[in-house]
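Student: Letter by letter, the chains look like this.
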Amino acid sequence: MNIESFNRSIRAVDAVLADLNLLEGTVYNCSLPRSMDFNQTCLTSKDYNEIYETGLRLSHYNFLLLDLAYFQFTHKGPTEWALAFYPNPRITGSIEALSEFKEFSVARDSGEISEEEFSELSTSMPINYYVPRFRYEFSESQFRPVQHPGAHFHIGMSGEDRWGSSRRLSPLSFCYLMLKYYYPEHWWPLSRFSQSREDWASPKILEYCLDKKLENSLRNDGVSHLFCEEERPGLHFSTV
Amino acid sequence: MTVTYIPTIGRGEENYDVAQIARKVREGVVYSPEDQVILYAGWPQVKDYSGRTHTADLTVVSNHHGVKLVKFSPSSSSTDLKKDALSILQAAATTEALLGKSLELKKKRKLIFDVVPILFAPNFSGTDIGTDEIELARSEVEIIRLLAESDNELSTEQQAEVQAIIEGAKALGQIGEKDDTDLIDPVARAFNDLEAIIYNFDATQRAVALTSINGPQRIRGLAGTGKTVILAMKAALAHIENPNAKILITYYTRSLRDVIERLITRFHRHFAETDPNWDNIHVRHGWGRSNLPGVYRDTCVREGRSPKSFNDVRGAKNPFGAVCQEIVQSNAISEFYDIILVDEGQDFPDSFYQMCFYLAKGTRDEKQIIWAYDELQNVFDVQVREPELLFGTDSDGQPRISLLRSLPAGTDTNDFVLQRSYRNQREVLVLAHSLGFGVYSDVVQMLENAKHWEDVGYEVISGTFDTGSENVVERPLRNSPSILHSPEGIPIASTRAATDFDQEVSFAVEEIKFFIDHGIAPHQIMVISLDDRVARSYFSRISKDLNNHNIVSNNIIKDTYSEPPFRIDGMVTMSTVYRAKGNEAAVVIVVGADAAVLRTRTGRNKIFVAMTRSKAWLRIMGVNSKTFKQMQREFDTAIENSPRIKFTMPDMNQLNTIQRGLEEKHARILEAKRRMEKMKNELNLSDDDLNSLIEE
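If you read the protein sequences in the order shown, they are chains A and B. Oh and the first sequence: position 14 is 14 in the UniProt record's numbering, straight run, nothing missing. Oh and the second sequence: position 121 is 121 in the UniProt record's numbering, straight run, nothing missing.
If you are wondering where the hints come from, they were derived from the structure by calculation, not from laboratory data. Hints may be right or wrong, so weigh each one.
Just a few of them, taken from the derived set where beta-carbon distance is under 7 Å, the chain B residues facing chain A [unchecked claim]:
| hint | residue |
| --- | --- |
| 1 | GLY304 |
| 2 | SER306 |
| 3 | PHE310 |
| 4 | ARG496 |
| 5 | SER537 |
| 6 | SER540 |
| 7 | LYS544 |
| 8 | ASN547 |
| 9 | ASN554 |
| 10 | TYR561 |
| 11 | SER562 |
Every residue gets a Cβ at the ideal spot worked out from N, C-alpha and C, and that includes glycine.
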């Protein structure tokens, strides 16, 4: 994927998040530049919250969501890119936690509590890691058949797990996947599969259906040329 | 003859012989009337490669006598004397090396004056201590002769340079931002020239930073007078003097930590060439949280008590005051710190000071608690809360802290007032005061008398300051010496009314782009929203639009969990007024000014704080409304009268009563809003339902 396509996909993410009223802020609507300070923590710490808060503190992300989870999309070359989703360990994945956080935000915006008090309250929410960190990497330079799939996911903090994928993923597809599984309250109302079965193919519904959009985006991304025959019999992420 | 005497932290126990020499220098026995002399006690302090500290007991800098460093040694043993001789030699060598970095002080690759180490050994009867690198004085007569030995003459500028280097002002110089001035844009050049003045940590500030008093001290001054820098320098010096001493420097606004740590590191590196040991210098938020250390939290943990979070005391009138009061009343606090430095002292509740009182080591008059206080930045508190009130009463009925009582004999003062404000342009400061008080509309707050105006750096031109009297004050250039030579057509301060939110956003983006295109770094630009409720919308929209111009922003209010750096290189800062406190930028763009509350002190103070973040240019924007028009009128009048402020003195009692009433009413409205919100959720009603209910 060349840098132009990659950045175009990032801008599409911006629009999707804004449309779904999930966007809290945009720092980069293009490939994220390298941050030595973030890498320093990310590569040396095994403490997810520390890594998450470092990214938040340094504004080192493309998009911040309302629950203060964020996306990082980095392009290093036509066959080298990385996509990451950093959930907020206090909120993402818990409706109750999100509603508590929103309650604090309303109190702050109405002047009932100060900024400092808002910070105090939101920090005192427990860190429960409802959702794991999700990363997707596409790397030709590191590709070794079976041992290091060219396209793979890291789920959680291990870093040594490489869930192989036969697909190339763009930032947009990756964003859709995260939204589908971790923001169901935003996803399902806009999915044809929430409608009665006879409406699944209705053109009117297909127009806004997020599942359809995900499908289109995945098709558009195409297959990974790094996926080899020896990997095919193993469990891997794929699509038709 | 002028002798400036600076008794610094390194002077240790009072020594008779050293005090005698200092007295003679101060009384004019040594130098002649045309000499300009600076006399330091216990200064400079330097470290060698093995980490040992070396100090001069007395140092003299004179325009006709070069630099002379004196070490007193009471010993008669040549072994001890040799050790002291090497120590003063090291102090002199390091000082000379620092001075040698300044080309202004050199001629033919050498310093134009000597840096002379002198060992004063009155009990030594021999003639040789094994080194001829230093001057040896065995009697008072000899030392006075050595001190009086003349050297090449220094110009006023050269002497100021020597003083600045010895006192560490050069540690604050900007690094790596000097471009070729012929190629640089005039806007960027104007700002670079201004930075050189702002970073001139002046002699008064340095004297306050260096002066050490064995007891409490207060430092008062407006925004931009260098209070934070002074406290950071004091912390660094105290750490060099005694690396094992426990030093606390505490602050109220979370975004200040980064600034304080950077300053301390710079000063420490300047004098000791190493990084400070953060185990012994604690830079702490006042309260602290589960993921952040803080003074209150650390104290609880040390004393085996469970610290309370804001959630535990939510609903208390002053939550932080309540938790501090509880621990003070528990009598559980043990002494822990040798020195406590409190920044943003105006924001802390009294009980926090009382907690600090118990945390500080020593008897009550010897407790080294130093607090910086800006009387014009606290929301409800135009008057300075005096130490007797802050620290409360001791068990014997006496005030725990009294500046007057604890002032050591022979010390000029322990209550410093900084009148010179470097951060802001004079017209911006005068404008901020005019709008902050509301002098060109309904006054919401006022300084009580002429003395108070003088304390904050104004000259009284006319008026009695009695109720109803017409008064005029003026800010002299000497107290606002940072002058920006803004290129023609680019005003220092201006307002701009927009038709709607979208247009206001585009105005803000236009201004940011203008300054970046003219060479101002993005991190030197700050957008402040006066309207907290829609701050998030402003920042999202502005960030998004800036992104389309490849400009990136650092939205510091997004990080609610830690202490984010206020400034990130290459990013425009977006902040609410609250988080902007204690920080600064070359360009400040205030948005949402139409939401300003002009009737209350809280509202006016927010305007004041937002404006005084600006070092060079200030832009105020808002949607064209009644409030914004009024603000523009006040703005125009203030600029027209600048550097003067003209006002009718209000009845202070009446003013305070009205304001108290307004603040209480504001609190009641907030409570009503909170209850309505709760009721709305409980009964599952919409805003429209509530509106129709009210209409009915």
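Student: Taking the hints in turn, state whether each one holds.
Tutor: Status of each hint after checking the structure:
1. GLY304: Check failed: Cβ of GLY304 (chain B) comes no nearer than 21 Å to chain A, outside 7 Å.
2. SER306: violated, 13 Å
3. PHE310: holds, 3 Å
4. ARG496: This hint is violated: ARG496 (chain B) lies away from chain A, its Cβ roughly 24 Å from the closest one there, beyond 7 Å.
5. SER537: Violated: closest Cβ of chain A sits about 11 Å from SER537 (chain B), beyond 7 Å.
6. SER540: holds, 5 Å
7. LYS544: holds, 5 Å
8. ASN547: holds, 5 Å
9. ASN554: holds, 5 Å
10. TYR561: holds, 5 Å
11. SER562: holds, 5 Å
Hint compliance for this structure: hints 1, 2, 4 and 5 are broken, all remaining hints hold.
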